[in-house]
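With chain A's structure known, arrange chains B and C on it following the hints.
Protein chains in written order, with full-length UniProt numbering: chain A, 1 to 468; chain B, 1 to 468; chain C, 1 to 468.
Hints may be right or wrong, so weigh each one.
Calculated cross-link-like contacts (lysine to aspartate or glutamate; reagent style EDC-like; alpha-carbon spacing at most 20 Å) [unchecked claim]:
| # | chain 1 | residue 1 | chain 2 | residue 2 |
| --- | --- | --- | --- | --- |
| 1 | B | K114 | A | D362 |
| 2 | C | K114 | B | D362 |
| 3 | A | K114 | C | D362 |
Computed beta-carbon distance windows for the label pairs [unchecked claim]:
| # | chain 1 | residue 1 | chain 2 | residue 2 | range |
| --- | --- | --- | --- | --- | --- |
| 4 | B | S110 | A | F350 | 32 to 42 Å |
| 5 | A | A5 | B | I267 | 24 to 34 Å |
| 6 | B | G378 | A | D362 | 41 to 51 Å |
| 7 | B | D366 | C | S383 | 32 to 42 Å |
Just so you know, the hints here were simulated from the structure itself, not pulled from any lab data. Remember, it's a predicted structure, so these values are computed and weren't measured experimentally. Even for Gly, the Cβ is constructed at its ideal location relative to N, Cα and C.
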Amino acid sequence: MAERAAARLYLSGLCFFLQLLTIVLFATFVRYSPESIDLCSTEPSCSQTDPSPTLGYPRFRDAYVRALLGFGFLLTFLSRYGMGSVADSLLIVAFTIQWAILAQGLFYFSLNGKIHVGAQSMVSVDFCTAAILISTGAVLGRVNPMQMLLMALLEVPLFACNEYILRSLLGVSDSGGSLIIHTFGAYFGLMVSRVLHQPHMDKRKEQQNVGHQPDVFAVVGTICLWVFWPSFASATTDHENAEPWAVLNLYFSLAASTMATFVLSPILYEEGTLQLAQLQDATLASAAVMGMAGEMLSTPFGALTAGFLASQLSLLGSRFLSPILRSRLKIEDTCGVHNVHGMPGVLGTFLGTLLAALATADVYGDRLQRVFPLVADGSRTPSEQAQWQLCGLLITLLLAALGGGLTGALLRVKVLRSPPEKNELDSKVLREFGFSPEPIHSSLSVLVQVDEDGCDGGASSEERGTTA
Amino acid sequence: MAERAAARLYLSGLCFFLQLLTIVLFATFVRYSPESIDLCSTEPSCSQTDPSPTLGYPRFRDAYVRALLGFGFLLTFLSRYGMGSVADSLLIVAFTIQWAILAQGLFYFSLNGKIHVGAQSMVSVDFCTAAILISTGAVLGRVNPMQMLLMALLEVPLFACNEYILRSLLGVSDSGGSLIIHTFGAYFGLMVSRVLHQPHMDKRKEQQNVGHQPDVFAVVGTICLWVFWPSFASATTDHENAEPWAVLNLYFSLAASTMATFVLSPILYEEGTLQLAQLQDATLASAAVMGMAGEMLSTPFGALTAGFLASQLSLLGSRFLSPILRSRLKIEDTCGVHNVHGMPGVLGTFLGTLLAALATADVYGDRLQRVFPLVADGSRTPSEQAQWQLCGLLITLLLAALGGGLTGALLRVKVLRSPPEKNELDSKVLREFGFSPEPIHSSLSVLVQVDEDGCDGGASSEERGTTA
Amino acid sequence: MAERAAARLYLSGLCFFLQLLTIVLFATFVRYSPESIDLCSTEPSCSQTDPSPTLGYPRFRDAYVRALLGFGFLLTFLSRYGMGSVADSLLIVAFTIQWAILAQGLFYFSLNGKIHVGAQSMVSVDFCTAAILISTGAVLGRVNPMQMLLMALLEVPLFACNEYILRSLLGVSDSGGSLIIHTFGAYFGLMVSRVLHQPHMDKRKEQQNVGHQPDVFAVVGTICLWVFWPSFASATTDHENAEPWAVLNLYFSLAASTMATFVLSPILYEEGTLQLAQLQDATLASAAVMGMAGEMLSTPFGALTAGFLASQLSLLGSRFLSPILRSRLKIEDTCGVHNVHGMPGVLGTFLGTLLAALATADVYGDRLQRVFPLVADGSRTPSEQAQWQLCGLLITLLLAALGGGLTGALLRVKVLRSPPEKNELDSKVLREFGFSPEPIHSSLSVLVQVDEDGCDGGASSEERGTTA
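Next comes chain A alone, as it looks inside the complex:
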């Protein structure tokens, strides 16, 4: 317990140092953007200057709708990992917001040695936060808050760098972040998880999944994602006079992926009952696949098909691929980010590449200028655009793998992983609920016992650990 207290004090000190650092850096470099300067030409998610001044307001509000994304993410974590993860997740979000302002400011919003902050930078920051949370999902439960903070400290600049290369240098169209958010976040996190692998910790992990929270949060989280994500999608892509394809496509994708879960789940799992977590995965996967392709798809049935496939891919992945990843490649994936963000993100990128190759002014009309500005102004052919989209995938994977590997190696430094952290999460979750950590088998035994009786189908606890 003395060691635990010491660990909390270390964390306290680290937080204090980082907060002081950001305050000093903010005081030195960050200013609110002057009203008169139009930063739109350099900012990432606006591919066309908006002459209308009234756009500023609704657009900005979307930044907060987008924050709901974080809401959904947090709730997702909750359902997987108990409430102990909320405080740590909020810590990561709070730090990432400040750090991303600085890191992204260097690439996008700096002017005369100052970083100019405005509504648009909050949108970019929220993108970054989403990626960091995805990465965190891969290692949750096996890192302590201090390691999570350091991971964010290193991942944020790399995210900003990758975003800058893809959007500004290569001209890749990825308004919803299939590549930039989902793929990058997932593979970075998985790589960290791989490097952090420690044989003796895996057993503990599987036990933990058994006694986790009943699905209260899974329910609320699923519904939230279902309801709010289309709003999120609309934030980055909509323009006032155009039909919001990105939102409609996402909507259809969600509907089809939900149906797909009901199709595949009874086939994959003998136990009849559909787990809500599977619906949640389907929702996330269908959103990840629409990240890039959402504003490119010009036919509703395309969105239905893509959502249907993404959800199937995610389900198959969690059934067959995750156990292989764990046993062969020693990649532990706490929240299943590979199935939910990684593979659907890559699938979405392939779909986006295909659509870019087929893009013509006939189908898109004025929209071409927004979706593929470089194709519209003639500096690229559609097939060149498609090549660059693919190239973006390779660069993202490379940066994520390299960065994740290095970060993981750094997090293995011994001073960071003091022994008591090993079972910190167990005890924290339990203590939140008023149970003492030691006599867990006596106080929780009834619950766990009944739980194991409950799954009278064929699914062993290991399988459920993978899929739930």
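Same frame as chain A, now just chains B and C:
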């Protein structure tokens, strides 16, 4: 268990077939609406063309605020019927969205043999989803997911047909859907429930209500409805320069109905504690009554009075009418949709009829054009408009009763109701929580025991089943 | 039990009387504002007339985003005081909405003897509701619903009066309500709490805090506040073309306060685990401090620093000041409103005063007209504005203390506090969950026992009562 598994596989097959069917139909018929075509003249909820191009955007966002309605609905179900219902509800929503696009597209959005989908069609689809969810609420727990899917399959076209007759042919003003959503949905569901009545199932039903979820979801659901419904109302009726009467009226109606619940509840029930479910009913009832009259009421105290009465009606109905419906008419009403949607919807229609009869240009000013376009341009007198409003009620009741009866008869086909479904929901709810279905009396006995001790007032478990 | 039933009937009668009274008053005085009249010149939160007609719509929607504030508040209460408080909170909200329309209408919206209600009045009403809920938080659990209703009946006019004096007479800039909402609400409630102090009730109070809800609602409430409050802030201050400083400042303030909690919590409390309630307090405190200063701060690092300090202040207050308030000053503070709203509100006022004194046209540009209109048009110097801001603090404290004292004295009238209310809340909370109130120690003993074992750190139950 083998039969259960088979039932899940049937459901899986049905989902697969329906999804494939919609994808094919979408590929054949559905296109995104071309940017240049103004569909406003034919779409249901816009009674006036909007010259301002900037309207499109905020209006569309409302479609998603509206989706929150579904959020509230789902949470309402949760509080009544445990978390097992969420997955099924989402399945119904996912299917209804796709199916309603096709069904409503035939009536409203088709052009040159193609159905044109845009932001406005999503609004219409959300209306339809609300009605289907209300109908589902009447039969929840006594139908299996496959039957629910088939019910949605049949109800969606009928809803679109009824909406088309009322709005386009008869010129009935019903922007918030007192008639189209609440009354239609409630009576359709009740009729299905009547036809599906099976004597031996009722006993099981009442037992189930005892052990349901503690009111966590009731709390969140009530607050959500309270907070979000006014936004929902604003989606269909607001025009930029006008004071949003519909929203303000709903707001006042909500406030008065909450007070009314505190007035009547202690008189009706000896047990002192106000059940949150009663507040939830009052919220829904006060919204249903404002559906038609919301944009017609020109005085705030009218909204206060209507909300007060609707809430009283709902409470009295659940206390005295529901037991009669159940014992005499053999109409089981799982979520009390008759008290919460049916009667307040009819009350709202009467109020709307009265207001239509009294409508003059003096009171409404420019608003007359929006609320009663046919009166404003002189093709109808106010009293004629009132007659058509009443006529709409009759047609809605007729279509709902006929359609519900036929649908119920179809759902009784033996192949659909395989024996294991009978106690599916019990076991599903319990299994989600990790209890095995068989030894329910041993594992849950403590909870249930204490629960029964808890209600030390005079309310028997049957009464609580009706009202909670 | 007969007395309990009688008490509920009294409440029922009071509700009926109040509802009837408001309906009559509404019928006599309240009308929807005619479309043509521009009320902007007299309404509180719009310091500049808006020429653009399109503003009306998004602005109005914010009124409902703001309602989310209430959502957060309610959930905050939930986490502190169990679900029994929701019904009562909704009753208070429902009554306050109607009553505040009348009270604020007298000061702001009356014209020719009629009160004109429109979108703007709903915004003002929501401000008032927030203040009433804060006051309620100070006395929750020691007053019955009837006393809460009477408190609202008296506090609403006083709130409207204070708002009118500060905004219209003194020209104090307080768009986010540091002074008007947070400081007034907190000190009014604390004063009522002081006057209502009864020695024998304190012991019961502390016991109650032990057995309260596990942190399900704390989690959801914290995330909601985190996510939605910036939207709330944007409602009152944003203008379309300006960078939304108030929102950005609040965002940074939230981030820094979250970090600050992680810094200070392990130092103040030996028990290692961070309580989510502490994060919630930090969120609320950082919002309260930004109420006045939010739109005045022109540098992001200022917001970081203010949020950091406010959170520290709140934590230190709940650790050291609350026990002193309780033991020495006999001020019981159920939900810790002094630490969370009172002190941060005063801190925010001091910060606002400082910023007002330093205001120059160089820093603010066009924004000066919006933030300090009287300074911009030359009728005041910045230092005079600062004096008036401080003067507003004194008047607010004076009115809150006087009004709270009188209200508390009135609530002590014996007929209002019938004996059974004393343990009403215990039994209500328990009964909602299906436990009988009498054998609480037998049925809950396991849970409570384990709970007390769980806190194996040094925090006694009294400390946890203060801070959780």
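Results for each hint:
{"no.": "1", "hint": "B:K114 to A:D362", "in the structure": "18 Å, holds"}
{"no.": "2", "hint": "C:K114 to B:D362", "in the structure": "18 Å, holds"}
{"no.": "3", "hint": "A:K114 to C:D362", "in the structure": "18 Å, holds"}
{"no.": "4", "hint": "B:S110 to A:F350: 32 to 42 Å", "in the structure": "33 Å, holds"}
{"no.": "5", "hint": "A:A5 to B:I267: 24 to 34 Å", "in the structure": "56 Å, violated"}
{"no.": "6", "hint": "B:G378 to A:D362: 41 to 51 Å", "in the structure": "46 Å, holds"}
{"no.": "7", "hint": "B:D366 to C:S383: 32 to 42 Å", "in the structure": "49 Å, violated"}
Hints 5, 7, counting from the list given before, are not met by this structure.
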